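Trainee: Fit chain B to the known structure of chain A by using the hints.
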Amino acid sequence: EDQVTQSPEALRLQEGESSSLNCSYTVSGLRGLFWYRQDPGKGPEFLFTLYSAGEEKEKERLKATLTKKESFLHITAPKPEDSATYLCAVQNAGNNRKLIWGLGTSLAVNP
Amino acid sequence: NAGVTQTPKFQVLKTGQSMTLQCAQDMNHEYMSWYRQDPGMGLRLIHYSVGAGITDQGEVPNGYNVSRSTTEDFPLRLLSAAPSQTSVYFCASSYIGREQYFGPGTRLTVT
Chain A
390 EDQVTQSPEA
400 LRLQEGESSS
410 LNCSYTVSGL
420 RGLFWYRQDP
430 GKGPEFLFTL
440 YSAGEEKEKE
450 RLKATLTKKE
460 SFLHITAPKP
470 EDSATYLCAV
480 QNAGNNRKLI
490 WGLGTSLAVN
500 P
Chain B
2 NAGVTQTPKF
12 QVLKTGQSMT
22 LQCAQDMNHE
32 YMSWYRQDPG
42 MGLRLIHYSV
52 GAGITDQGEV
62 PNGYNVSRST
72 TEDFPLRLLS
82 AAPSQTSVYF
92 CASSYIGREQ
102 YFGPGTRLTV
112 T
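Taken in sequence, the protein lines are chains A and B.
According to this note's numbering, the first sequence is numbered sequentially starting from 390.
According to this note's numbering, the second sequence is numbered sequentially starting from 2.
Pulled out of the complex, with its shape left as it was, chain A reads as follows (with noise of 0.2 Å):
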């Protein structure tokens, strides 16, 4: 069956502490893997796409990595601005259609 687990669930950091948030996944075959941060309120914006094991892709402070079986959100010297919930979902290749969503990380970066 597949399935996104991310982890850890909150995660509390200081301005300026480096951390990094996991999606881990299980799927016959991997399409896509999708980033998404979304604030209270408001509706999940896209942040990147990952395709292959060993592709990385970066906005500003976050970088985004990918293996075979799982997926790091790196938060670089976060500021408070960044405190959000941030959501990983992926897309079997067999199943354009629907995506597998995670429950997301809420982090919390204080001043």
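There is no bait here: all hints are sound.
Partner residues aside, some chain B positions facing chain A, computed with beta carbon under 7 Å: (1) Gly-43; (2) Leu-44; (3) Gly-98; (4) Glu-100; (5) Phe-103; (6) Gly-104; (7) Gly-106.
Just so you know, these hints were derived from the structure itself, not from any lab.
Being a predicted model, the structure only gives us computed values, none of them experimental.
From the three backbone atoms N, C-alpha and C, an ideal C-beta is built for every residue, glycine too.
Mentor: Just chain B, lined up with the frame of chain A:
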């Protein structure tokens, strides 16, 4: 571009009432979908569409109807509201197989 728009932002219904949640996108995306998001449950797919006149069920379709008469619009109808349908509803759109773009959400309370 307005992206994905949803109305209303908030709604309170009594048990047994019906209503329609509106969703529109101006990106010419073939794919549109409806999710509900509940604490501890993550995003769950209700219905989706891959084009005008084509709809299909997601993982939690019971109690909801959809239709897609145009590329731009994808309304979600609650036939007879129940307290279990209290949730936050998100509409999303994309090119098939690509990253999805979400609307701002509708917060629904059924009493």
